[in-house]
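Based on the provided sequences and hints, a complete structural model is requested.
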Amino acid sequence: MRSLSIALAVARKDLASEWRTRELVPALAQFVVLALVIANFGFQFDSRTAPAIAPGVLWMTLVFAGLVAFGRAFAAEREQASLEAMLLTPAAPAAIFAGKALAAALLLVVCEAVLLPALALFFNVPLSFEVVSAVLLATIGMAVLGCLFAAMVARVRARELLLPLLTLPLWIPFIVIGGQAVQVGMGAGSGGTSSATSLLIDLDILFVVLTSLVARFVLDD
Amino acid sequence: MSAVVASALSQRFGIEVALDAVDLTVDTGEHLAVLGENGAGKTTLLRIIATAARPTSGSIAIFGLDASSERRRLRARIGYVAHTPGLYLALSAAENLEFFCALQGVDRGRVAEVLDLVGLGDVAGRPAGKLSRGAQQRLAIGRAVLHDPALLVLDEPDASLDSGGADLLARVMRDRTAVIATHDHALANRLCPRTMELRHGRVAGVPTRLRIVQ
Amino acid sequence: MTSRLNVFEKAALGAVALMVVAAGFIFVFAPQDALQGPVQRIFYLHVSSAIAAYGCFAVVLIGGIVYLWKENPTADRLARAGALVGLVFTTVTLVMGMIWAKPIWGTFWTWDARLTSTLVLWIIYAGYLMVRRLAEPGRQAARFAAVVGIFGFIDVPVVHFSVTWWRTVHPGPVVINDALPAEMLVAFLITMACTLFLAAVMIAIRYRIEVLTDQAADRIVAAAVAVPSKAGSTR
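Protein chains in written order, with the working numbering: chain A, 1 to 221; chain B, 1001 to 1214; chain C, 2001 to 2235.
No lab work stands behind these hints: they were computed from the structure. Quick caveat, the model's predicted, so the values are computed rather than measured. Careful: at least some of the hints might be erroneous.
What the hints assert, rightly or not - Label pairs and their calculated CB-CB ranges:
id: 1; chain 1: A; residue 1: A81; chain 2: B; residue 2: A1170; range: 24 to 32 Å
id: 2; chain 1: A; residue 1: R20; chain 2: B; residue 2: D1116; range: 19 to 27 Å
id: 3; chain 1: A; residue 1: N124; chain 2: C; residue 2: V2175; range: 46 to 54 Å
id: 4; chain 1: A; residue 1: V37; chain 2: B; residue 2: S1068; range: 48 to 56 Å
id: 5; chain 1: B; residue 1: T1028; chain 2: A; residue 2: M1; range: 29 to 37 Å
id: 6; chain 1: C; residue 1: K2070; chain 2: B; residue 2: R1174; range: 41 to 49 Å
id: 7; chain 1: A; residue 1: Q30; chain 2: B; residue 2: E1016; range: 41 to 49 Å
id: 8; chain 1: A; residue 1: F41; chain 2: C; residue 2: F2161; range: 38 to 46 Å
id: 9; chain 1: A; residue 1: I205; chain 2: C; residue 2: W2165; range: 12 to 20 Å
id: 10; chain 1: A; residue 1: I205; chain 2: B; residue 2: D1148; range: 37 to 45 Å
To be verified - Here are a few chain A residues that sit away from chain B, every Cβ distance over 12 Å (derived from the structure):
id: 11; residue: A29
id: 12; residue: L36
id: 13; residue: I38
id: 14; residue: D46
id: 15; residue: M60
id: 16; residue: L67
id: 17; residue: L127
id: 18; residue: F129
id: 19; residue: S133
id: 20; residue: L161
id: 21; residue: T197
id: 22; residue: S198
Note that the Cβ used here is the ideal one computed from N, Cα and C, for glycine as well.
The following block contains the structure:
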């Protein structure tokens, strides 16, 4: 499994870089907390409305934190002009892409580890297994899609504008299904979460397969 | 045998023509310098030879293999130093090379060897971002020869090299086929028996074919 | 007089004539809806446009896949044409739907699954055209757009099945469920055939424009490379 070891090497490299510089995760964690503070002013929060509003706040925050995290994953490579050096090795572009997406997803998970407890603490909503699993499952699919388009816009003009424009519409299924699961988990909405979990897994598989098929067209010339 | 055989290479970006019908042959072991002003098409040509870009039209074979369909195989035999060093600035010099060992499938023992070759043995543990421009360029050259490539493609490697840079270039080019882009005619004549000039994406004049020193 | 027209002009005239025929079926042949009254007549063009849009985006999908596979410029031009025409028909679908919704639902817009997913469809293909404009012209623009077209098409089945997957206020599939009286069905099928023909003609014309645009770029390039040859090329 040479591709697997390459993907892991790429992910390890990105995580090591982040650990040394600590430029993304601390900033994103602050952003996440700030988003909750802003939401507090924007919505009428009380014990009754919290379960209805908190899921929305969660996904809004997650989506924008994700855009930043995935955008950074390839913006850093572009600024250092290092992506090409990686591609000009016998390593498969799809393996390189998988490593980048894995690292970016893990960094977002770290932010989620701040976001979810903060949400539970500030808005007094329960943090159940369903909520956490829905968020984590959505993160996988969002990461592969986000990184694919981040890799694309890193090579395009007006990239700051284009990334949300391309990514957000395709993230909507994750937000719809994950959002429903979180609403149920937080005591609003109705219905079970088991179908949501399996749907999220289906979507993850679909997008992981699709992105690995097209990654080389986006990365390589 | 020829290491690089290219015919009628053209590269277009929309209505912009970067390279127009360039023919090129580089023999195995030969050192060729590509001269020309900024925007003459040097980088475009070198990127095509390094398999970083594919031409809009024309064909190129490297070591007898088609450069677009056999890219992955060829990349194991080509070393490329781009315009910018393209290093991971937060990682140390050694870590940068170790990462590329993993990508190239080369043993990590090669790292120390290469660091000594490019004269960075003392600063192996320093983050690449903390190295001088010259040292960064040396590291990029070291990365390009990590996997002992048979063909070396160097895009203005002298741009930020310190004193002794020309010696380093001569050392890494020895026993390899090399194509090097530069502004510096003196350096080109020193390193390469043959030079070729690009002007507006075309070959200017007849390549001066001096004797190939092996 | 018409003998001087080229094939595209003839096809365009034919498409317009067919749309007039369709209008006849919609407004004269089809009976008035007992509940909704005249507004119901929007249904014929609304659904036909939606189906035409699906078809256009299928062209984008197939053109994209073929381009990635074979790097065939024809496939890319077809995809370009399909995206633009599909966007036009999605716009028509949305606008007609809103005009229908105002008297029936009492509001132009509601966050219903089908309305939302159709709006998302519009945004995706607007993004497709944006990528085309911002990417480096040539292979990069074609490839990036192909990728967006492949992922974007996922929303088409979502739009189509949204009325069955979610509880929505949008009317369900009346045509395949045999819920339509015979005259209405005939009017619908004729409108749909005419609309699909119109869409095909629009794609063909747009394709022709793309070919001419590419040829114009080629001529500019040919003229540009002809100049420096005086400076002593060895060719």
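Taking the hints in turn, this is what the structure says about them:
1. A:A81 / B:A1170: 24 to 32 Å: holds (26 Å)
2. A:R20 / B:D1116: 19 to 27 Å: Distance hint for A:R20, B:D1116 holds at roughly 25 Å.
3. A:N124 / C:V2175: 46 to 54 Å: The hint (46 to 54 Å, Cβ to Cβ) holds, given that A:N124 and C:V2175 are roughly 50 Å apart.
4. A:V37 / B:S1068: 48 to 56 Å: holds (53 Å)
5. B:T1028 / A:M1: 29 to 37 Å: Because 35 Å falls inside the window, the suggested range holds.
6. C:K2070 / B:R1174: 41 to 49 Å: holds (43 Å)
7. A:Q30 / B:E1016: 41 to 49 Å: holds (43 Å)
8. A:F41 / C:F2161: 38 to 46 Å: For A:F41 and C:F2161 the Cβ distance comes to about 39 Å; the hint holds.
9. A:I205 / C:W2165: 12 to 20 Å: holds (19 Å)
10. A:I205 / B:D1148: 37 to 45 Å: holds (40 Å)
11. A29: The assertion about A:A29 holds, with a minimum of 19 Å to chain B.
12. L36: Its Cβ never comes within 12 Å of chain B, the nearest being 30 Å, so this holds.
13. I38: holds (31 Å)
14. D46: About 45 Å separates A:D46 from the closest Cβ of chain B, which puts it past 12 Å; holds.
15. M60: holds (31 Å)
16. L67: holds (23 Å)
17. L127: Its Cβ never comes within 12 Å of chain B, the nearest being 34 Å, so this holds.
18. F129: holds (36 Å)
19. S133: About 32 Å separates A:S133 from the closest Cβ of chain B, which puts it past 12 Å; holds.
20. L161: The claim stands: A:L161 keeps its Cβ more than 12 Å from every Cβ of chain B (closest is about 20 Å).
21. T197: holds (35 Å)
22. S198: The assertion about A:S198 holds, with a minimum of 36 Å to chain B.
Of the numbered hints given earlier, the model fails none.
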